[in-house]
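Just need the whole structure built from these sequences, with the hints factored in.
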Amino acid sequence: MNPISASISDRHARFDALVLPHLDRLLAFAARRTNMRADAEDAVQEACGRAWLGLDELRDPTKVRAWLYRILRGVLSESEERSARRRQLVSITRLEEAHDELVSSDTDMVFEEVAARLTGEEVRAALGQLPDDFATVVELHDIDGFKYHEIAEIVGVPIGTVMSRISRGRRLLAGAVVASRTSSKELGFSSSQERRGGRRGGSGTTGGGGGIR
Amino acid sequence: MTDWTPLAPGSSEDPAERAARENQHQVLIDLLGAYADGELPPETTSQIDAHLVGCVRCRRELAVHRAMRRRLGFEPPVAAPPALRDRIVAAIAATPVPAQVTAPARSRFAGLWHPMVLGPIVAVLVATGLGAALLVRQPAVPATLSPLAAPAGTIPLLQDALSDYRRVVAGDLPGRARDLDAVRSAAPFPIEPLRVPSVRLLAAWTTELGQDPAVVLAYRWDDRIVLQYVVSEQRFFQHPALRQAVAGGGLLAAHDGEQGIVAWPTSSAGALLIADVPPERLRPLATAALLAGKVARGAP
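Top to bottom, those sequences are chains H and C.
Under my numbering, the residue at position 12 of the first sequence is numbered 12, and the numbers go up by one with no gaps.
Under my numbering, the residue at position 122 of the second sequence is numbered 122, and the numbers go up by one with no gaps.
Treat the hints as calculated values from the structure; they're not laboratory data.
Please read all numbers here as calculations on a predicted model, not as lab measurements.
Wrong hints could be hidden among the right ones.
Within a straight-line C-alpha distance of at most 20 angstroms, the following computed EDC-like cross-link-like pairs (lysine to aspartate or glutamate) qualify [claimed, not checked]:
| id | chain 1 | residue 1 | chain 2 | residue 2 |
| --- | --- | --- | --- | --- |
| 1 | H | 63 | C | 181 |
| 2 | H | 147 | C | 75 |
| 3 | H | 147 | C | 30 |
Now the structure itself:
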């Protein structure tokens, strides 16, 4: 094999070993930010294409996951810009009020139970109500397992900003859970299938039993 | 958030102490997430440990953090369908290998450029669809330069870019090349730096040109500085003279005083190169960028 062919072959092998194992996580991250599964898959494919072209920029293979997420975020951001898609956010004030009510009352033990019982759709719907800046850092840490310094690199903000966004993001998330359950009860919804909403078009459900008492 | 419980319930506390504790509470509440995640230095952790002893509200807040983190930690990954993996592998196979891979450093593989050796390699590359990458490395035909029909200073985008260029080159460069990824994630359009052997990226940063977002890439080209401005396609195509100049697929060429400008549309943005040289001198750099963009998009 001549040196050029070997070089190309090495590049394919490196790509297969470094990038392809992360497809599941990348797709999950994209799926929480797109209306359709097909859009999420397209974003992941585009991100992988860019990773292929920019593979030489990856000097430290141990940072490949953060590097891929950074590329994917760029793709998703462009795609959102092009489609002029705007998330349907719930008022932050409303989420903060719901959270304040939660921590001002004696319901912490109940909330832990509620949080533990949230369905995947409820989690996605609650995340969908947060501004993306907050949802992203919370997801990158809690779901994808990145450390704060890695999140700072992925998102391109100082680590102090990551700290405050995660703190506030989780507070808002808890507020979203409480608010959706409270409104479900007020509206008399009894099934988690009856109330749909959420950011990025996620058809998540919010509602159902086991609310904050 | 003023709902906190004094360290010793029922004890009388000086209003000043209470105010100080309240301030501390406001600061610490933003750190509770990092505290729950074990991301704080020991001294800050100790401070929060002490605060938690007397603050019911923060203890509840901490419980909320832990509950949400625990639940999110159970979110399963989405299984990527095999078809997606196949699509990606096929797309990669059809994507030209970047030039630096197909053209190894001359010192290492100098013998490859001998015609007897190069001929079969080119044949293989063409047969495998990789010949386009070599074209990127050595563009055979420079892109056409289309002189601007109006003075550069009368077109707002060029005026804004020139004014920014003059300001930047008169002072220190505001960024570093390693910030490119951060700039990429902040930019609302794709950013592809020039990949030309004699040009090295020095710095990248975001700015505004006439209140529109723009990215600036600063290169060293021999002993001079070249700035590349990337703007949205809306901004790029705003002025009819610009649209007209690039309509034929060529490069806009303009000059203003000592500065030469070449500009071209990219896949979903617009790029301008400015340096203290006539625009003709910038043509090889812009041609390489233009061809690289076409190859990346799969355009003929």
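Each hint, compared with the structure:
The suggested pairing of residue 63(H) with residue 181(C) holds, with an alpha-carbon distance near 13 angstroms, which does not exceed 20 angstroms. Proximity of residue 147(H) to residue 75(C) is assessed by CA-CA distance (about 17 angstroms); at most 20 angstroms being required, the pair is judged to hold. For the proposed pair residue 147(H) and residue 30(C), the alpha carbon gap of about 17 angstroms is at most 20 angstroms, so the pair holds.
When held up to the earlier numbered hints, the structure conflicts with none and fits them all.
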